[in-house]
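S.K.: If you want the building blocks of each chain, they are given just below.
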Amino acid sequence: MEGSELTLDRATLASAVHDLRNPLAVIVGMTSVLRARAMPRDRDCLDAINMECNRISRMVDNLMAVARAANVGARDWIPADELASAAVGRLEGILTGTAVALEVPSDELVHVDPVLGELLLVNILELLAWPADGGVTLAITREDKRTLIQVHGTVAGAGAPCVNLMIAQKIAEAHGGSLERLEPAGGGTLIRVVLPDGAARPEPEVTP
Amino acid sequence: MMPETVLVVEDESRMRRFLWEALSDRGYRVAEATTLAQAEKLAEQHRPSIILLDLMLPDGDGMSLLRRMRERRRTPVIVLSGRDGEQDKVAALDAGANDYLTKPFGMQELLARVRVALRLASEQPEPEDGRLTVGAIALDIPRHEVRIDNELIHLTPIEFRLLLALARNAGRVLTHRQLLAEVWGPERTNQTHHLRVHVASLRRKIERDPARPRWLQTEAGIGYRLRDE
Numbered sequence: 001m002e003g004s005e006l007t008l009d010r011a012t013l014a015s016a017v018h019d020l021r022n023p024l025a026v027i028v029g030m031t032s033v034l035r036a037r038a039m040p041r042d043r044d045c046l047d048a049i050n051m052e053c054n055r056i057s058r059m060v061d062n063l064m065a066v067a068r069a070a071n072v073g074a075r076d077w078i079p080a081d082e083l084a085s086a087a088v089g090r091l092e093g094i095l096t097g098t099a100v101a102l103e104v105p106s107d108e109l110v111h112v113d114p115v116l117g118e119l120l121l122v123n124i125l126e127l128l129a130w131p132a133d134g135g136v137t138l139a140i141t142r143e144d145k146r147t148l149i150q151v152h153g154t155v156a157g158a159g160a161p162c163v164n165l166m167i168a169q170k171i172a173e174a175h176g177g178s179l180e181r182l183e184p185a186g187g188g189t190l191i192r193v194v195l196p197d198g199a200a201r202p203e204p205e206v207t208p
Numbered sequence: 001m002m003p004e005t006v007l008v009v010e011d012e013s014r015m016r017r018f019l020w021e022a023l024s025d026r027g028y029r030v031a032e033a034t035t036l037a038q039a040e041k042l043a044e045q046h047r048p049s050i051i052l053l054d055l056m057l058p059d060g061d062g063m064s065l066l067r068r069m070r071e072r073r074r075t076p077v078i079v080l081s082g083r084d085g086e087q088d089k090v091a092a093l094d095a096g097a098n099d100y101l102t103k104p105f106g107m108q109e110l111l112a113r114v115r116v117a118l119r120l121a122s123e124q125p126e127p128e129d130g131r132l133t134v135g136a137i138a139l140d141i142p143r144h145e146v147r148i149d150n151e152l153i154h155l156t157p158i159e160f161r162l163l164l165a166l167a168r169n170a171g172r173v174l175t176h177r178q179l180l181a182e183v184w185g186p187e188r189t190n191q192t193h194h195l196r197v198h199v200a201s202l203r204r205k206i207e208r209d210p211a212r213p214r215w216l217q218t219e220a221g222i223g224y225r226l227r228d229e
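Chains A and B supply the protein sequences, listed in that same order. Position 169 of the first sequence, counted from 1, bears residue number 169 in this note's numbering, the numbering being contiguous throughout. Position 204 of the second sequence, counted from 1, bears residue number 204 in this note's numbering, the numbering being contiguous throughout.
Just chain B, with the same shape it has in the complex (with noise of 0.2 Å):
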């Protein structure tokens, strides 16, 4: 089987060489853009399974070859953002990068995520049988039931919504806007406080100590994210 191929675009040379070290050590093919122009150009001609991006390069904003690669084709986009501001994050996945990663971060954070963001990529976009299964979680879509360690947990229809798009995104975060415009619809999108509330609800249910969650975790200004690993 070819190794998969992931396309680095990072102007770091040493931070590159960590990505290679670590990427290597997998088994992934690396190919190293350090401009967003060489990142164009390598796109078209390794047609990489994935993309790591810093978004700050010397030719530009990495946003904007992310809103070029989303125009042609879905190969998913990891962000690696060394900005603070949650905004900068939140507007990098609502414009369809896949996940970010927070410099710094270490090599398994980095394996983890790319495995979430290929698994998801190759994935069907509904089981056959009508169901999803992320760590103890098993949900019935059909019959809208959901068991904790196979045990029945009664949810409302939100909470059943909130969970199912989590449980489709395992392992990726998700914003509040996108999340408020899958359960909401797309006119509700700034309505967070009712979406936190609804997630502290769920949260109580699927959690064994909620006060530590085991699966559905908060990324403060971001959205949520249901664990899978």
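Chain A on its own, in the form it takes in the complex (with noise of 0.2 Å):
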């Protein structure tokens, strides 16, 4: 990997980040006790403060996902929609403004390590959805041993280089993979990702 902030190793990193999540657990924490006792005028004030500090544990999980993305776990093969799902519940009450639609088919696997799998949608969501008000697709196929990923955000401008594109650009190369951003004719931003399998895809159980 290049560039000096991600010649960290991973031990040097889980360790910032611990000391990055203590204080914001306090800030949190402290915010939904006072939530809970504030007067109506005052709560939107405290939703703002939790609303930025769950932003920022966001930030603190791309910095693991970034130390771990050099060292893929076990991949695994993941129900499409059940990853797709997964990475939208992750973004419940941040979406909020931005329809979600998914062309997922149910029946389809994807090989990738689970938890970096969830995050690569998640930051490419969360890239295409901002600024909010539009709408974004994520459309899941499969080609040739490959699995294929297209996001498209309506918003034209969206998707610019940023850190969330960074880390899907690194989880996606980790997975020996690709991830390029495209201006497609029709208007706003596409990110498009393939993953090439890891291995063969298992047999069907046989259930008795």
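Calculated directly from the structure, the hints in this document are not laboratory data. Nothing here was measured: the structure is a model prediction, and the numbers come from that model. Glycine is no exception: its CB is placed at the ideal position from the N, C-alpha and C atoms. Check before you lean on any hint, since a few could be wrong.
Stated by the list, open to error - The calculated label-pair distances, taken between Cβ atoms and stated as ranges, are: (1) 39/A <-> 47/B: 33 to 43 Å; (2) 178/A <-> 123/B: 28 to 38 Å; (3) 162/A <-> 1/B: 47 to 57 Å; (4) 16/A <-> 68/B: 22 to 32 Å.
Said to hold, decoys possible - Below, a sample of chain A positions facing chain B; criterion: calculated Cβ distance under 7 Å: (5) 49; (6) 51; (7) 82.
To be verified - Here chain A is said to cover these stretches of chain B; the calculated rule only asks that three of the stretch's residues, wherever they fall, bring their Cβ under 8 Å from a Cβ of chain A: (8) 18-29; (9) 43-53; (10) 64-73; (11) 104-111; (12) 138-149.
Need the complex rebuilt from these two chains, each delivered in its own frame; the hints are there to steer you.
M.R.: Set out below in structure tokens:
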């Protein structure tokens, strides 16, 4: 990996992440206690603090993902719809104002590290869902021993290079795949990820 | 009625303060320990209803306390984890932790997990009439029938056993290993892809919108949770 920020080993990053998580935990926790006791007019302010803390928390998750992407854990065959729904669920309360459409087959499996696979989608969705009030379509298809993930955001100019894109790219590359950002003729922004299978797909289980 | 006692094992003073404020506001008595040694002493002294356990403590790893606790009694333990590795969470759950909370978390999430752990610890293992209801999901165990919003749905035997295991632990995460051992048997605990396929199929049958599941939640790299609230 290139870039001095990526040369930290995983143990050092884990320690830094731990040091960041504790103060964040206190802020999020105390804010929630105050919210329960607050007058209605003050709750919006406390909700804003909470949302921003959660954003920082996702950045901290991403720091760990960078370290982890260099060393992909056990890949497993995951139903495409489970992967997509878990990523959308992780962004519950964050994708407000953005309509997310899923075009995901119910009978296809994707060969990914489960945690990194979810983080890959979370980062792309978060990237294309900003600014809000647009729409995002997540499509997963399979073709010849590889998975194609295409996420299209309707807002023009969304998906500018940022940490989300870098994380997603690192995760794709760690799976031996690739990520590209395109501007399709129909408008908006398209992120296209190709993930080659790392193993043969298992035979369906024979149920007695 | 005596308030329930929560033993908080956490070395960060401000984190302890948050937990104290959140739990006291809801009427729980709170005992606090900052080390493993102190936690063992207070666990004997107060016989808490539940323990909130940070894993990284000055005199050792919280996992060792968890294992010793499990040798003696079944007090529910919720692990407070600042760690990111799923392996740590899975190890804690497989070692007998009832649930985990990853920092940061808010008061509502904390109280919901405490309620679930206390409810599961106090419940009879099996309802007398063989019926189990979690939200909109109603299981008739003797008949192997499941209704969602009163509508009968067809599940395969494996899907039924999966749903039953999750429903018996509603609100609590079950690891892949725990679910595989429960449904397929202890010799097949490494076949996670089969588990995932059956869970995905179950989700399509019990969820109104499987892409945005209301009940059956995935905990990436760890397992599944059937929401009960």
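S.K.: Would you mind marking each hint as holding or not holding in the structure?
M.R.: Against the structure, the hints:
Distance hint for residue 39/A and residue 47/B: a CB-CB separation of about 39 Å, consistent with the stated range 33 to 43 Å. The beta-carbon spacing between residue 178/A and residue 123/B, approximately 51 Å, falls outside the hinted interval of 28 to 38 Å. For residue 162/A and residue 1/B, the Cβ-Cβ distance of about 53 Å falls inside the hinted range of 47 to 57 Å, so the restraint holds. Against the hinted window of 22 to 32 Å, the Cβ-Cβ separation of residue 16/A and residue 68/B comes to about 31 Å, which satisfies the hint.
This hint is violated: residue 49/A has a C-beta 11 Å from the nearest C-beta of chain B, more than the 7 Å allowed. Annotation: interface hint on residue 51/A violated; nearest CB of chain B at approximately 11 Å, more than 7 Å. Below 7 Å, beta-carbon pairs count as interface contacts, and residue 82/A has one with chain B at about 5 Å; its hint therefore holds. Coverage of the segment 18-29 of chain B by chain A holds. Counting CB-CB distances below 8 Å, 5 residues qualify, and the rule asks for three or more.
Counting residues of the segment 43-53 of chain B whose beta carbon lies closer than 8 Å to any beta carbon of chain A gives 0, which falls below the threshold of three, so the coverage claim is violated. Judged by the Cβ-Cβ criterion of 8 Å, the segment 64-73 of chain B is not covered by chain A as claimed, because only 0 of its residues qualify and three are needed. By the rule of at least three residues with a Cβ nearer than 8 Å to a Cβ of chain A, the coverage given for the segment 104-111 of chain B holds, with 6 such residues. With 0 residues having a beta carbon nearer than 8 Å to a beta carbon of chain A, the segment 138-149 of chain B misses the requirement of three or more and the stated coverage is violated.
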